[in-house]
Structures are given as C-alpha cells and as structure tokens.
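Chains as they are written, first to last, in my numbering: chain A, 1 to 656; chain B, 657 to 1168.
Treat each hint with caution, since some may be false.
Said to hold, decoys possible - Derived list of chain A stretches under chain B, where covered just means 3 residues or more per stretch with a C-beta under 8 Å from a C-beta of chain B:
{"no.": "1", "segment": "42-51"}
{"no.": "2", "segment": "74-82"}
{"no.": "3", "segment": "160-171"}
{"no.": "4", "segment": "190-203"}
{"no.": "5", "segment": "593-603"}
By construction, these hints were calculated from the structure, which means they are not laboratory data. We treat Cβ as the ideally placed atom computed from N, Cα and C, and that holds for glycine.
As a plain string of letters, each chain reads:
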Amino acid sequence: MTPESSLLWIVLLPLIGATVNGLIALVAAANDRPVPRTLSAVIACAGPTIAFLLAVGVFRQLQGMDEESRVLVNEVYRWIEAGRLQINFTLLADPLSSVMLLVVTGIGGLIHYYSIGYMREDQSHTRYFSYLNLFLFFMLVLVLGDSLITLFVGWEGVGLCSYLLIGFWFQDSEKAVAGMKAFVVNRIGDFGFLLGMLLVVATLSQSGLPTLEIREIAHRIGEFPPGVIEAVGLLLFVGAIGKSAQIPLYIWLPDAMAGPTPVSALIHAATMVTAGVYMIARMGFLYELAPLASGAVLLVGAATAFFAATIGVAQHDIKKVLAYSTVSQLGYMMIGVGIGAYAAGIFHLFTHAFFKACLFLGAGSVIHALHHEQDIRNMGGLLKKMPLTGWTFLVSTAAIAGFPPLSGFFSKDEILWLTFNGTNEALPWAPKLAWGLGTAAALLTAFYMFRLFFTVFTGNPRAKAEHAHESPPFFTVPLIILAAGAALTGLLGIPAVLGGSNKFEHWLAPVFAGAHGAGHGAEHGSAHSAGLEMGLMALAVAIAVAGTLLAYFFYVKRRDIPENFAIKHPALYALVRDKYYVDEIFYAVIIFPLVLFSRKVLWRIVDMKIVDGMVNLVGYLSRGTSYVVRFAETGQVQTYGVMVLAAVAVILWKVL
Amino acid sequence: MGILSQLIFLPAITALVLLLIPRLPEKLSRLITFAVTVVVFFISVQLLGDFAGTGAFEYEERASWLPSLGISYHLGIDGISLFLVLMTTFLSPLAYLSAWKSINKRVKEFSILYLLLQTGMIGAFVSLDLFLFYFFWELMLVPMVFIIGVWGGARRIYAAMKFVLYTIVGSLLMLVALLFLVRYAAGVNGYVSFDFEDLLRVSIPARGQMLLFLAFGLAFAVKVPLFPFHTWLPDAHVEAPTAGSAILAGVLLKLGTYGFIRFAMPLFPDAAHAMAPVIAILALIGIVYAALVAMVQQDIKKLVAYSSVSHLGYVMLGLFVFNMTGTVGGIFGMVSHGLTSAGLFLLVGVIYERRHTREISEYGGIARTMPVFATMFFLVTLGSIALPGTSGFVGEFLVLVGAFRFSPLYATIAATGVVFGAVYMLWMVRRVFFGPVTKEANRKIPDMNLRELAVIIPIVIGIIVMGVKPAPILDRMESAVSVHLERMGITEIVEAGGADHSTVEHASTEGD
C-alpha cells in the first residue's frame, strides 16, 4: 500500500466500522434483539487499530523524507465545482497532521478498548460504537483535510457525533438537551467559520481562481489586504471559540459531560475540542499577519484559562471539575497559538491529550466502581481501594499541575515563557496580561486538581466509596498507557535552556516555517534571557507546589475552612459554583426574548394577523368561491372531470 | 414520440383510462398508478443518457397546435430543468406509495388526480411555449386543490380555498401579462407567437418590462412562496394528505422558483435587475423570519412548512445575485429541498397514520419505540440543516458564496439561517424523539414497515449521494446557467471575480 492510499484507508476504516455497526444496531433495535457484545466490539476496534498502525506508517514515511518536503497528498475526488470555484476532496499529511493523526487514532483506539469495558452493560453498545467510529472518521477528515472546507466537513461532522454521544442516553431529557445545546452553540461558531471561508473565496476570486486549499491560500496570502486578513482571522476564530469552548461559547462543554465518560475523554478533552487550536495553528501563516486577530486569540484564551479555572475550584461533580479544567487548558493552547507559538500550542494539545484522557478515564473508573456516583463529596479514600486508578490519576494530576519532569510542566511552561517573551503589534500590552492570567490560572489549576485528588482518593471513604473495587483490565490498561504518556511525553519537548533539543518543535518546524513570530523566541534566546527563562521556570514550579500545598491544607488538614467559607460568603460561593450565571444570562438576554418575540409577535401577530389577515379579508370578500369548493367536496367522479374540463375551457375562452 | 412527450402523456393517458373503466377495484387502480409512475421514472432516467449539457435546449419536440394563435407544442430541457424533471419523476412513485394505506376512500379518483398532477408538473418543467406552460401550470393546480379539499384534514376547505385564491390571483395576472407580451412581440416580430425563443428575442422598454415582470413575478412568488406571500403554505400543508404535502413541498414550490429563472428573469432582464434588491431582501426576510416562526410551531407539519419558506429564501437569493455560483447553488438547492422537504413530510405522515396527531407535545421519547423511524427522520433532518456531506450543504454553501460576492451583508444575514435551522429542527427532534415516553399511546407504537422504508430509503440515499458527489449534477447545470446569465446581460461565461472580467485570462498565472 502506498503511503498516499493509506491516508484514504485511515479515514475509511472507521467509516466502514460506523456503517456496519450502525446497520447492525438498527436491525437489532427494529427486531428488539440484542447484538453479541464481542461482535460490535471487534468491528468497532478493528478500524482504529488498523488506522493507528497505518498512521505510524505515515509518520515513519514522513520521517524518512527531506525535512522541507514532508508532505503526502492524496487527491481523492472532485467534490464540488461551480463556475470557477472547484473544491477537491483531498487528504494531506504533513508533520502537523501526522501528530494529530497519532493522537486521534492512538488515544482514540485506547478509548475504544476502554469502552468495551465501560459500556459492557449498556443495551445500546452497538449504537455507541457506531457513533464513536463515526466520530473518528470525521475527526480524521478534519485533521487530514487539505482545504478549509474539507476541514469544515470534519468540523461539523465531529459536532454531529458530539451531539449524538452527549445525548446518547436520550431517554433522559436533560442529556438530550445538553446534546442539542452543544450542536447549536457550535453552529454559532460555525457561522463565523463559514463567513471566514466566504471572505477567503471572495478575496481570492478578485485576483485569480478562488480556492479554499490551505496551501494555496498560504501561497497567495499576498493577495489579501491587511484588513481582510484580520477579518478572516477573527471569523475563523469565532469557529474556534465554539469548537474549543472559549469564552463566551464555552457553555456547552460542561453540559456535554452528560455523555458516557469515555466520550468525555476522547471528544470533549483529547481530540475534538482541540480542533480550534489545530485550525489556528494550521492557519498560522495567516494569523502571523493578523496581529489583531492573534491578539484576540491570545486574550480570549487567557481569559478562558483563568475564569474556567476559578469555576473549577467550586465544582462537586468529578466530571464537571475535569470539564472546566479542559476549558481552562484549551485556553492555554489558545494563548500559545495566539502569541504565535504554534508549535508550543500544539505541544500542549499533545500532552494534554494524554493526561486529560487519563484523568477522564480514571474518573470513569471511579464512577463505574461507585455505581454512577459523580459527587466527590461522596467519595474519599479510593487510593487504597483502587490503586491503579488512583496512582495513574495522581501522575496525570501532577502532570496537569505542572510538576517537572512530567509532560504538562514542559508544555505549559513553554507557552508561558514564550508569551512572557512575546510581542503583539496591535495590542502591545496583551502578552504580559495573558502571561499574568496564565500564571494565576496555573496556581488555580494545581489547587483545584489536587483538591479533586485529595477529596476523591485520600481521607476516609464516604458513602458508596466504602465498597469500591479496582476496575478490570479493560479500564486499567489504557489508564497505565495514558499515565505513562502523561509522564513521559514532555521529554519530547525539553527546551534548549535545559539542555534539550525540543524534538517536538523541531518536527513541526517545516509546517510553521512561514511563521516568524514570538514562537521562535526560544531558539534565539540569548544568554540574559536564559537566566530569565530559568527564573520563570522556577516560578512555575513554585506555583505548582504552592497550589498543591494549599489544596493539601484546605482539603486534607482543615476541611472546615472551605466549608465555612462557603457558608460565610454564600453569594460569592454561589457565583463561582453557578459559573458566573453565564448560562442564565444567555437564556435571559437572547433565547427567552427571541422565542417570545417569535411566538407572540412574528407568528401570532405578523403572520397570523397582518399577513394572513389581508388574505382572509380577500377571502371574505369573495365568498362565492367557497360554494364551488363545498360543492366539489360532495361531488362524484364526473363532477371532478367536469371541473377539470371547465377549468381548461375557461383558460381557452379567455385567450380566444 | 419523444421522451418528454412520453413523460407528459403516459400519466395523462393512464388517468383517462382509469376514468373510463367503471368499478375498478381499488387495489388495481393503486397498482396501475404506481406502476405507471415507476415507468415514468425509468423513462426519465434515459434523459441523462444523451444529455450533452451544452446549454441549449435538448430533447426538443415541436408540433403545431393552434398555429393561427401562434401556439405550438414546443418542449425541451436544459441543465436547469433536467434535474427538476428527474426530481419530479423520482418523488412521484414514492409519494404515491406512501398513500397506499392512508388514502382509502375514492382511491380511483385520487389516482386520476395524482396522475394529472404529474402530467401538469412535468409539462410545466419542459414547456418552451408560454401558452403550453400556462396550460400545464393551471392543469396542475386543479388536482392539487381537490387533493387538499377532498382528502385533507379538518380545515381542508379553508386551506383549499386559500390555496385557490392565492394562486388564481397570481395566475390571472400572469395570463394578462402573457397576452400583453405576446401582442407586443407580434408587433415587433410581425407574427404572433407564444414560443419562448421568439419572445426572448424581443426587447421590451423598461417600463413595460417592469409591469410584466411584476405580474409574472407575483404568480411565481406566491408559489415559491416568497415572504409575504407565504401564508397559504402552512395551511395547505397541514390540511393536505401526506402525499399531497410531499408533492406540494417537493415539486410544486419549485415551479415558482423555476418560473423565475426560466421565464420571468430572461424575458424581462432589466426589470429583474432592477427588482433584484427587493427580491433579495424579501428572500432574506423569508430566511430569518420563517426560521424564527418555525421555531415556535407546535405542529410538526407547520414547522416543516415554515422551514420550506426559509430554505426557498436561499434559493431565491441564489437566483437573484446573478452569478454562476449563486445560481447553480440555487438550482441545486431546489432539488435538494425537493428531497428533504418531501422526505420530512412523508415521515411525518408515518407517525400521523399511527397517532392521528401532528402536535409535537403528543410525542416524546419515540426514538425508543421507533428506532428505525427515528434514524430515518434524523438522516433527513441532517439534509435539512445542511450538514456537510448532505445535499443541503452543497446548495446553501454555493448560494452563500454567490451572495457574498453580491453583498457580504446579505450573505451574513442569510448565513444566520444555518444557526436557526439547527435550532428549530433539533429542538423539534428533541421534543418528538428524545426524553422519556410520556404518552401511553406512544409506548406500543409500531416502527416503520417495509413499504414505508421503501418510500424513505431512496430519498435518504439521494440526500447523501447528492451531498457526497454533487459534481456530476453541478456540471450538467453549468452551461445552461451560463446561457441564462448571458440572457441576463452578464457576459462572464467563465465566472470572473465580481466586476473584474479582465483578470480572467491571467488567472492561472496569478497564483504563482
């Protein structure tokens, strides 16, 4: 198999799995018969497993090529053509997409295996696997698509699968609503993305053939006036705000936790939600020339990183804590790509995929062992009862908190350092502000994550936690693999200042060759900045330690303090716990008035009274017509025949 | 007899035969009618075989009919009408099959009217003589009125009357305008002719064009329906039997948009240009307004009916931005909407037959009891909300690309429909299919049977195939659209970027 055709198979295999399992699920549901568990599991896991092996092959192939020409292209077919606009469905693998490819198929595959155990008792497991495979298909299209619109196919497709999987247990109205909310909020983002694409097409057709191919756009970026570049950057970023759950469209992600936990790990932590970061990195050549749009990415990312972290502090649902943590970490990635440190943003995406998937799957293991208990106040002492789950969770918690030499330390530190050192032409004050917010968020991250760890895994077991047992190997093996990743992947990106060579950034370098922004600050860091870099690194470590100690103090030593705080400051506590009422504000300011206006004014008054009223008026004035119709209704065949003939005769008579 | 004549006459002759056979068993008239609609479909597929797509009319047939009046039997199709004809012949057997059980009184009469309706629709799409077009246009209204008025729901008389009133007003104006046009043309040409190509050659002074365009346009706008001429549609849809709604939404509405692109625009190009901002704005209002009104409907059929107004707003916008991308997108959107709207109405019919209610609140949780139905409904919904990979996306995307070049503001407003479309459809899906089963009657509701699956599966396949591989369809539309644009005075044959015609030549080198 040529590497090009393996690109196609990587995409097709999950699609085939989704279709086969989907049909089986449909036939089984129609006949009310169960599907053999092993059958659907084997079909579901075959696709991602083979795809992962092929992805490794693609990676090796790229490695063997010259650094500058590391691109594999498979033009699959001509998709849409109208006038001069031609859109091909083309798959492209370069160093950036190869990294994404490995994450999606690798972690995706692990989560398929984990799901075999997690969904064992669910009657609809075949449908579940069908959706999960379909998700992989669209995610791979997103990652491998060579044009904005192919990317958009995957982009909307993963949104669809997210909707289906959040509302997987659709008998529960709340879960079904959460799925709908995710899709609609994402569509608001996609509205921006769509306009961004339209602007690209319109601009390029001024000077030549319109195209949405990303390499072509990069090639012809000189044809864009500066204002248009900013506009395209901002519009595409609106899409990323939706998909990657940034302020103010992050509201769907916490609710998305209604889906099965492996879904939260795969879609709402490791892969889909990072698509916005990937897209901006992919379009780095454009953002490089758009300081304002980049500044917006930077600031929105920083604000999200900070605010989501504060909300994470006050959540009691184990998955909600992780959800806000994901929003916050996505904020870091946005800071990275916003400052122009594309490789660093992708590096954090990469390490986050491991530790966050591990955390979610660990949470799933706990939830499973506690029979669907999700409130951390009813947990405790689980480290002894579930050692594998507990220790892997601890490794990942330490990684996200930023303890060296775990992966999160290197990737987060890289972003913060490059931000501190970076510049933004349009908003010169933004990088320092973003750095400040990011650093504050780091403290909060260590705090809320260790709060979670201590409450769930240490102390005395509460409620159902008494009788918990370690989960079976379907759970623990993926946990161990992911925890190993969380611990070790950071070593791929050891910065020069610590004597490393940052292999990760080096691998991506050809893709971001056009980008000459702050992202490369680290490479030509001089001697005096090396001292600064070391200093900031020490600060980061100190912050991680401080956050952890604070959590230890409040949640192990003096549990009464946070409880009393919540009692003494009910308003402040409720404000944070209830996510600053952003959902409520959205509802009160947009949704409720819009529905009310549509119902009471547009429908009941404009449509029924004004527009229709005039018609009815005409109707009353010519009541005679109704006799004809009434007469016809009771008539027989002959009557109708006569009517038809009469109508024709009338027409003829009029003309003659 | 040419293929087009076969398509027109086969249903009409069958209708006549049915009419003449007394006491025909119901089953037999069903079988005959269904068989004929299937045969018509297979005949129509042959059109694809020799279709050259040159932009000129193909499969032309001419015969003199009333030579003294300049009326001839002139048929032909091009890339604009080809897929509309195919869509009609594709949907006809499916919609008929859906009525197999639900239409159980006066089956023979229903079948006769259904066949006449089919003759009228196909005839209107292939007529190149304006009198002939008018004849088929009127012919198709009559059976539709009866189908609504006889086999419809509780308020069928009101709905049928409203439908008649709206349409008659438009049609009569069109007839008067047509006679004026022919008389004026006779003065210029020196002979009387209703032939489209003869009329096309005549250039009409601006004021006259405007009046004639408005008269034709009103008839077509009612049919589309363009805001604010749409209020007959929800009533007609709600009261019509399932098969009637499906044909009404799937095909009849397209005759309005087709009327614009085939006749009103090229015959009166200056007026069309002058009115374009007005029509585009009405289309935009329709897109947003109808989506918002759809959102608050409690009746599933009404919701789908308003969604049609919204989707046809896209089509009209595409036609009136006067460029290749928008126009091709608009025509593609017509065909796509034919499949999705007919599919949705046919699916609503499935649960209506079981529960005899269309109220959203009467359902809830039926994805559990009707998993196959839920899956089919959801797949068609994806087409309706224009998910990439379905036919809906291709049409709306191309319209938006075309509209953006015309006016970025228009495209932005139109694109909000993408959000609203997801809101009203998914909200309805949530309320009908998800949540717990609350109504006892929904607990034992049987899932789709094979006949119902045979109706919907071809439509679902059509929606996906058109979304995944639209290029062969778009290619066949292109030449006809560039001829149309030439008639509109837009000289770019290969579509140039906006006003920059001069850049076409060096377009290929520009990229370097």
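Checked hints:
1. 42-51: Violated: only 0 residues of the segment 42-51 of chain A have a Cβ under 8 Å from chain B.
2. 74-82: Coverage by chain B holds for the segment 74-82 of chain A (6 residues, Cβ < 8 Å).
3. 160-171: holds (count 5)
4. 190-203: Contact hint for the segment 190-203 of chain A vs chain B: holds, 8 residues under 8 Å.
5. 593-603: holds (count 7)
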